[in-house]
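Q: Listed below, chain by chain, are the residues.
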Amino acid sequence: MTKNFIKNLIFCGLWASAAYAQQTLPLNDMSAFRPIKENWSIVGSVVSNIDQLNAMTTESGSGILVCKNEIGKYGIEKDLLTLMEHGDLDIELDFMMAKGSNSGIYLQGRYEIQLFDSWGKKMAKYNDLGGIYERWDESKPEGSKGYEGIAPRINVAKAPGLWQNIKISFQAPRFDTNGKKISNAKILSIILNNILIHENVEITGPTRGALVDNEVSQGPLRFQGDHGNVAFRNIKYKSFNQKTLAFSDLKFGVYKGNFRTVADIEKIKPETSGNVALLNWNVSNAENEFAVKYVGKIKVPVAGKYTFTTVHGGNSQMKINGQEAFKNGWLNSGEDRQMTIDLPAGDVDFEMYYWKADGWLQPSLGLYAESETIRKHALHYANSALVANPTSPILLTSAIEPVILRSFMDIKEDGKAKRIVHAVSVGNKENIHFTYDLDNGALFQIWKGGFLNTTPMWNDRGDGSSKPMGSVISLSDSPLLNVLASPTNSWGNLDESYRPRGYELDENGQPTFKYDFAGGFISDKITPSEDGKLFKREIAVKGSVTNLYARLAVAKNITKTPEGLYIIGDNAYYLKVIEGTPSIRESNGQKELIAPLSEKITYSIIF
Amino acid sequence: MVSVKNCSSLNLKIYSKFLKSKKMKNIIKIFISLLTFSSVFAQNAAENDYYRIITLPVAEGMLLEVGGITTLPNGDVALATRRGDIWVINNAYMNGGSAPYYRKFASGLHEILGLIYKNGSFYCAQRGELTKLTDKNGDGKADSYETVCNLPISGHYHEYTFGPKLMPDGSMIVTGNVAFGDEEWWRGESRRPWRGWAVKITEDGKLEPYATGMRSPCGIGAIDGEFWYGDNQGDWMGSGFIAQVNKGDFMGHPAGLRWTGEPNSPVKLTTEQLYAKIDPRKTKDANGYYIKPENIESERGKYLFEMKKDIPELKLPAVWLPHGVLGISTSEIIKDETNGAFGPFTGQLFVGDEGKSNLTRVFIEKINGQYQGAAFPFKEGFQSGTLRMVFGNDGSMFVGETNRGWGSAGTTTAGVERLVWTGKMPFEMKTVKATPDGFEVEFTKPVNKATAADFKNYQIRSFIYKYQPVYGSPTVDEKFLNIKGLKLSDDGLKVRLLVDGLREHYIHELKADGVKDIDNKTLLHNTAYYTLNNIPSGEKMTNYTPRPANLKVNATATAEVKLTTPDDVSAKKVVAKAPTFEEVKPLLQKHTCLACHQVDKRQVGPAYKDVAKRGYSDAKIVSLIYKPQPKNWPEYATEMAPMPQVPQADALKIAAWINSLKK
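Sequences listed follow chains X and S, in order.
Just so we're aligned: 51 in UniProt numbering is position 51 of the first sequence, and the numbers increase by one with no gaps anywhere.
Just so we're aligned: 613 in UniProt numbering is position 613 of the second sequence, and the numbers increase by one with no gaps anywhere.
Heads up, some of the hints might be wrong.
Here are some chain S residues the structure puts well away from chain X; computed CB gaps all over 12 Å [said to hold, decoys possible]:
hint: 1; residue: E111
hint: 2; residue: E146
hint: 3; residue: P152
hint: 4; residue: G347
Simulated crosslink set (DSSO-like; lysine-lysine; CA at most 30 Å straight-line) [stated by the list, open to error]:
hint: 5; chain 1: S; residue 1: K430; chain 2: X; residue 2: K256
hint: 6; chain 1: X; residue 1: K418; chain 2: X; residue 2: K376
hint: 7; chain 1: X; residue 1: K256; chain 2: S; residue 2: K540
hint: 8; chain 1: S; residue 1: K613; chain 2: S; residue 2: K366
hint: 9; chain 1: S; residue 1: K141; chain 2: X; residue 2: K525
hint: 10; chain 1: S; residue 1: K247; chain 2: X; residue 2: K293
hint: 11; chain 1: X; residue 1: K145; chain 2: X; residue 2: K121
hint: 12; chain 1: S; residue 1: K430; chain 2: S; residue 2: K590
hint: 13; chain 1: X; residue 1: K467; chain 2: S; residue 2: K631
hint: 14; chain 1: X; residue 1: K269; chain 2: S; residue 2: K627
hint: 15; chain 1: X; residue 1: K327; chain 2: S; residue 2: K662
hint: 16; chain 1: X; residue 1: K293; chain 2: S; residue 2: K590
hint: 17; chain 1: X; residue 1: K418; chain 2: X; residue 2: K591
Read the hints as simulated data drawn from the structure, not as lab findings.
All C-beta atoms, glycine included, are put in the ideal place defined by N, C-alpha and C.
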């Protein structure tokens, strides 16, 4: 049972710490950084170009940190260092690459997470976007000097000029009192464009091009600035000290029986008792109908606000510093509950009961502590919080031919959950994929990376749905087509003339979707480019329909570049019209890119 | 606060296993309540003398969770699967011993649950669509995936769509499961038009609502140009059954009545009209939460046929398939039109069953314009749930199988098997027909007349189910009937029984244990279940042998025992020494426990050894037999149904034996 909890903890647990505020690295001016040459500056906006090498033009203002450097002009002095120095760190930022550009984020100035224009690459290496850069040993023979570089799990790099997002969770190396390293630096996780690309990866030493070739407890954050143009914004972080909470003199007692309350437990004497360093349900030597009581002290390093999270299958009740922290409460294996409490520095009293009376529940017990400056850490033996085995997933990958699969598809629309029931997903060997809503003729999501996780549909009874396994860009699920008596009429739903006709496969297995609408016969074909950088969409109508329009995009912002590309949303993707006469209009506070459809419209979605 | 809980609740939708809240439980609920079957009929070895199962070899990694099966004009067999593929099997008959070849004709469809072949195209029901698949360029693969008709659906996991079945006018009938409520997770509901309905769809996509009252209409059949449907136990469904369905029929489940106000609805009955006649038991507790209706033993309740006088649109089952005995989850209904190539049952129906992984044989006759007839156990021991069947062109039967997360008596997840008649004549009750004063049994072989004329070798018991919003119904209103006379035909192939106390609409269980054929072999299956919707008029029997005056009526009833409350700890003492398996086996068989439980192996339900490990008291086990707590076993997809009909003494013996398995 509870097969998926570990997975949940992994995917959800990463950033699921208590809501302590992140700090923002101010980008009003350069005051957050050590003095630097002119290649770095603060600007108000940046525009790049997907075709032109290293193109990046800026407008004055604030909020965006930009590096302008001609490709080929190297020098470590061009790198930017923060005044802030860090050990353990969670950092999140947006970045934009120029075409062909190369940069990097060096944690503690020493461990590089590579930033690169890896757009369209099928197989990402350690030196592609999101790679942990290789280490370097000059003493080794040519060809084997570089070692231990780690490629991202998949390539989810977007096109140059689009904003991308990275979240890094870093654990600094640890040293003993003599300064000898006792544990390696560690990438706890990296999430690139919402996809987990690294998890729990140790780095045995500084990567190539480190600021200094040593390892330390604290070091500045460093942005590489000598390989091309790059921009950053929204740099937010949480910096942690290496302090932890710890038990002292923790005693346990084990009680056997079927209990409902602490009072029931206290009616009898413990069968066994002893001392332990950390919480562990397993001291019970029983699977069910037992209780464990822990009593001892917690050493609090500094006075302040602390958040405790507990996970358990069954009941628990907990007191800290004489205050009720968790009331008697039942949780299913894998669920958690959380509370925050002010604690003084020094030893405080701790008391916790854990008991279980449901035979079907897997026993488990975990307790985590964290604060503004202390990273979330376990106060239990790792295995005490593990439950059963995760479900083996059922994954659908795209091989040679396009893979087509119908399923329910869950999306968010205007912040609300929506299940699309007549959805068709198409996976391509080019590693870009899409889902189409047959009820609206809508191309409502595109993504790069893996194709589909079909476990929700095909494991056990399933619920009929599948999930994309890559970095998703959500497009509108509204109808592609409308008949607009006037081009200022607002976009509406389809009328009863809409009738889906399914799809036909061409000789390559690519589908063309077909439907009838307003007396016309519509065909809609979406194919990936060979380089995996864009989808080409061809919409055609047969039969005469007057005032038929296609809405190619709807977003808060749509701007047209001098080269004729449309930038959609907050630089989320580009749209290029090949055939058709689009115009941008404003409707209901949104920008819409609409074009009359008399015979054919062709456009690309570049991302 | 951001907590892991928030994240995991998203996944709850998907992973049904660890749901605490009742709201989410609809996911771990039911399409079928698997319970049982009776090993009274467990005569696999004997069945194999007459009908053999041949398992088709399937390549590793090819998962054939069959939802549809059909034949092509050239005899090839085609399968549609849950994974969304359509496979055409060449050399399915393996003539010469060589392996079949599977050609993937189509893929990517949404959990297909039906398949036909018509005019060079396949038609299949996906979750939300009737689709036509055509190979236009002749490469053996579909290139046209045409939407014949888009079907409204909400996206609830239980909204399966079955079919199509081809009608004589070229139209196709498709059926749709209900969804379940959110808070009332036990109550079937129709969230979109025509869920809980059968709809008729023309080739050009015109949809016509056909009939409603269906809950889980996986059982579908086109028999002699008429549409047949089968459902299984569930809310408002006392037991599984099959019925012939005409346009405008209402089959008993209220969910689909939500749409009878639509102008094109052929059913006019409203939910309000139905609920005025029967209480849906939508009651709330003190905290304002709905209470799940449970069977109330002390209440007689209503029977489905009694509703008929108020609700003329109500269509009664043609033949009940007693839950747990013959099946638990009715599936495909097909007719034997092999002209003897499949054995002696030409013209009869065969019904599959997902959970029990068996086939039931049904003889039907029309009395007063209404179908009724007898159901017989036919064949068990299939490797997985028998969901779909079709006769091949050599008269053998292909059986498409899956248990797709519900568990089944057959322990394999999926596959395809072939059932072949060996050519030997089994000794069976070929038909049971209603007569004005009893029944006439026709045998497949002449009988040993002495055994067939012996009243001791027959027993007739009649019973019925309640019509209620509760999940299923126990068998109720049981009576043992007196066989007052009998008469054998001269050729020894028929016996006519004069029966006292026949009750229309009741299920009449006829046991002919002890009747032998001229080779002194007993019946391969000794029991028939006749649904007596109408007692025919006509000539009464004369010149029969009367029952000996001093002969008691056979009634293997169980003796009444003094009831103790389940929580009574002294109940343990009733059984001083734990019985042995040999001692409890007849009880486990009789109460159909062995359909779902084995001693040391997981089946539909947990192994008895695993139950023993829970350390329940005997009394607790008894209480769990009467009122199972499926939440205790979240790893098992299928709920155990309450078994209040098991007498306390039997339950205690079973409990004591279970606990004796503790090590």
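Q: With reference to the structure, classify each hint as holding or not holding.
A: Hint check:
A Cβ of chain X approaches the Cβ of E111 of chain S within 12 Å, the least distance being about 6 Å, so the stated non-interface status is violated. Once the 12 Å rule is applied to beta carbons, E146 of chain S is inconsistent with being away from chain X; the minimum gap is 4 Å. Interface exclusion of P152 of chain S from chain X breaks down, the closest Cβ pair being 8 Å apart, not more than 12 Å. Under the 12 Å C-beta cut-off, the non-interface status given to G347 of chain S relative to chain X holds; the minimum distance is some 36 Å.
Distance check on the hinted pair: K430 of chain S and K256 of chain X sit about 61 Å apart at the alpha-carbon level, beyond 30 Å; violated. Distance restraint check for K418 of chain X and K376 of chain X: the Cα-Cα separation of roughly 34 Å exceeds the 30 Å cut-off, and the hinted pair is therefore not satisfied. Taken as a hint, the K256 of chain X and K540 of chain S pair is broken in the structure, with Cα atoms around 71 Å apart against an allowance of 30 Å. A threshold of 30 Å between alpha carbons decides the hint, and for K613 of chain S with K366 of chain S the separation of about 52 Å lies outside it, so the pair is violated.
With a C-alpha separation of about 20 Å, the suggested pair K141 of chain S and K525 of chain X falls inside the 30 Å cut-off, and the hint holds. Of the supplied pair hints, the one linking K247 of chain S and K293 of chain X is violated, its CA atoms being roughly 67 Å apart against a limit of 30 Å. For the given pair, K145 of chain X sits about 25 Å from K121 of chain X by alpha-carbon distance, which is consistent with the 30 Å threshold. Taking the CA atoms of K430 of chain S and K590 of chain S, the gap is about 24 Å. The hint holds against a cut of 30 Å.
Straight-line distance between C-alpha atoms of K467 of chain X and K631 of chain S comes to about 28 Å, which keeps the hinted pair within the 30 Å bound. For the suggested pair K269 of chain X and K627 of chain S, the alpha carbons sit about 34 Å apart, so the restraint of at most 30 Å is broken. This hinted pair does not check out: K327 of chain X and K662 of chain S have alpha carbons roughly 36 Å apart, beyond 30 Å. Under the criterion of a C-alpha separation no larger than 30 Å, the hint pairing K293 of chain X with K590 of chain S is inconsistent with the structure, at around 48 Å.
This hinted pair checks out: K418 of chain X and K591 of chain X have alpha carbons roughly 23 Å apart, not beyond 30 Å.
Hint violations for this structure: numbers 1, 2, 3, 5, 6, 7, 8, 10, 14, 15 and 16, all remaining hints satisfied.
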